[in-house]
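Residues per chain are reported as follows:
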Amino acid sequence: MSTRRPRETEQPGDRTLEVGEATALLPALRMPEERATVLRVDSVTCWFGDHCVLDRVSLEVREGEVVGIIGPGGVGKTVLVKLCTGLLEPDSGRIDVLGNELGRTGQKDRQRLRERIGLVFQNYALFDFMTVGQNVAFPMLQRGGYTAEDVATRVQERLTEVGLPKVQHLMPNELSGGMKKRVGLARANINDPELIFFDDPTAGLDPVTSSKIFNLIRLTQSHRNSTCVVISHDIDRMRPACDRYVLLYKSRVYFEGTEADAMASEDAVVHEFFRKNEGIGA
Amino acid sequence: MSGLALPLRALGGSLIEFAHTLGGLALVLGRILRALVPPRFDRDQTWLNFFKVGVKSYPIVVMTALFTGAIMVIQSGQYVKQTGATGLLGWGAGYAVLAEIGPVLIGLMFSGRVGANNTAELGTMKVTEQIDALRALAIEPINYLVVPRFLAMVVMLVLLTALGDLFALIGGALTSELILDVDWRVFFAGVIDGHLLDEFFIGLAKAAGFGASISVVSCHYGLTVSGGATGVGRAVNAAVVTSAIGIFVFDYVITYVANRFL
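As given, the protein sequences belong to chains A and B, one line each in that order. Terminal number for the first sequence in the numbering used here: 326, no gaps in between. Terminal number for the second sequence in the numbering used here: 1229, no gaps in between.
Among the hints, a few may not be true.
The calculated lysine-lysine pairs, modelled on BS3-like cross-linking and capped at a C-alpha distance of 27 Å, are [unchecked claim]:
#, chain 1, residue 1, chain 2, residue 2
1, A, K294, A, K152
2, B, K1093, B, K1048
3, A, K126, A, K152
4, A, K152, B, K1093
5, B, K1019, B, K1093
6, B, K1023, A, K126
Restraint ranges, calculated between C-beta atoms of paired labels, are given here [to be verified]:
#, chain 1, residue 1, chain 2, residue 2, range
7, B, G1195, A, G93, 12 to 22 Å
8, B, G980, A, A80, 44 to 54 Å
9, B, F1215, A, G221, 39 to 49 Å
10, B, P974, A, S220, 45 to 55 Å
11, B, Y1219, A, T149, 43 to 53 Å
12, B, R1201, A, E218, 27 to 37 Å
13, A, C96, B, F1168, 51 to 61 Å
14, A, D135, B, G1200, 28 to 38 Å
15, A, E218, B, G1194, 25 to 35 Å
16, A, K152, B, L982, 14 to 24 Å
17, B, G1195, A, A80, 49 to 59 Å
18, B, L982, A, R100, 54 to 64 Å
To be clear, the hints were calculated from the coordinates, so they are not data collected in a lab. The beta-carbon is built from N, C-alpha and C at its ideal position, and this holds for glycine as well.
Please build the complete structure, drawing on both the sequences and the hints.
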């Protein structure tokens, strides 16, 4: 996990890439086989009462990849993200995140591990008693070791990156859904995490804002070499952002591969899922 | 047999729910104590809660206390007038207010204002995933949210009770002067001659217990909310009821211990 680019070489606040530019960076990033495994989910099962939400789910995500997790509603995508971030515990199976087995990490180790992970929540989860600026600065202030000037500069930089340079003093309830998502993204990015989870980042957003969000996800990956795991139903708008997909179906991993693999598949479920909205938003 | 099964099942369910709540409360208390030694809580949040809990609560405490003192004097007034024992007026009102009525009424008001607000706040944070967001950002919610509230409620309820005692006595003195024609100096002389310092400190000990009880109960119900806005409403309701029960249980225990050993 030590192969990340050093912070000094990054200039993320310089400008915002357009959709086409971000997509153009893809070929350089699509050689994952020789990269380190950042996330390994091994035969994980999770029950809620007498309902099996995830049944022996296994998957791997390598450094620098953007992996899309797709599947019908209620199949356990959010549960999988919560398991991978240690917010829920699996009933069986093993999850390794950034080289640490989650089930064996103590509270302190898990907290240290979480400092290296970002999570953008489906329902924003912005702290409603803080301003936007305080929300974004919060992870940095809690980690400590930064001057007030460092924090202010980084917060402004991150908010500019997500296209919201002038909202620092607003409260979350004064923002639209799309703006809240982007603030959530800025907060998740503030400490330059190595692995970021995006839980349905475009839920309830219009197509234009959705495209912007996926562009920002690609941008995050390309600027910082972060590994991204994205949950979404919006397969058409995910396409420019994701290198690979995992399809969860009936509580299990039904398909894993690139879009080309999906298109080449003879399986009706895979076909239906990947071609569902073809021509609408692609 | 089937006639008995239903009430037995209901009784069993209630017992399990009671044990579940009691276990949850013990768990929250244990985690608070663990975070206190060595101190691992957020100082900024603690100061903020001292302000929210203490400064914003004093008007309601002062009002409650003024009327409590006045009511105590009015209640005992007719007997004092009949017997002419005006010197006992300050002692009687002071004793009731400092040891019992003051801390209990202020505790109940505090539970309704601060405890209910605390449960609603934490419950809303829970259902909007803000608690999960804290954990995802490597911040322990107990250290960041719960311990500051616990400290603020314990310390501030003690201070507010002391302030309330003062205003209750002022209310009593004003009432005795204006309604019963008993000089306020006679009223305060009765309080001082009654040697009520023990009662004052017992009242403060009760306030500390009530503060701990209200904070643990309100945080427990807030952190275990499920079911959206309806769940928050249910949790607030349960927190207020359980806090009131906690206040009376603590009142009984501390009164018993004080009478037995002091």
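Hints, one by one, checked against the model:
Between A:K294 and A:K152 the alpha-carbon distance is near 35 Å, which puts this suggested pair outside the 27 Å criterion. Taking the CA atoms of B:K1093 and B:K1048, the gap is about 57 Å. The hint is violated against a cut of 27 Å. For the given pair, A:K126 sits about 18 Å from A:K152 by alpha-carbon distance, which is consistent with the 27 Å threshold. Distance restraint check for A:K152 and B:K1093: the Cα-Cα separation of roughly 22 Å lies within the 27 Å cut-off, and the hinted pair is therefore satisfied.
Of the supplied pair hints, the one linking B:K1019 and B:K1093 holds, its CA atoms being roughly 20 Å apart against a limit of 27 Å. Proposed proximity of B:K1023 and A:K126 is contradicted: the alpha carbons are some 38 Å apart, above 27 Å. As the Cβ distance of B:G1195 to A:G93 is approximately 19 Å, the hint placing it in 12 to 22 Å holds. A hinted range of 44 to 54 Å holds for the C-beta pair B:G980 and A:A80, which are about 51 Å apart.
Between B:F1215 and A:G221 the CB atoms are about 46 Å apart, so this pair conforms to the stated range of 39 to 49 Å. Distance hint check for B:P974 and A:S220: the Cβ-Cβ separation is about 54 Å, which falls inside the suggested range of 45 to 55 Å. Evaluation of the 43 to 53 Å hint for B:Y1219 and A:T149 yields a pass: the beta carbon distance comes to about 44 Å. Checking the proposed 27 to 37 Å range against B:R1201 and A:E218 shows it holds: the Cβ atoms sit about 30 Å from each other.
The given range of 51 to 61 Å is respected by A:C96 and B:F1168, whose C-beta atoms sit roughly 58 Å from each other. Between A:D135 and B:G1200 the Cβ separation comes to about 32 Å, which falls inside the hinted range of 28 to 38 Å. Separation of A:E218 from B:G1194 is about 27 Å and conforms to the stated range, judged on CB atoms against 25 to 35 Å. For the pair A:K152 and B:L982, the beta carbons lie near 37 Å from each other, so the given range of 14 to 24 Å is not met.
Roughly 41 Å separates the CB atoms of B:G1195 and A:A80, a value that falls outside the hinted 49 to 59 Å. As the Cβ distance of B:L982 to A:R100 is approximately 37 Å, the hint placing it in 54 to 64 Å is violated.
In summary, the numbered hints that this structure violates are 1, 2, 6, 16, 17, 18.
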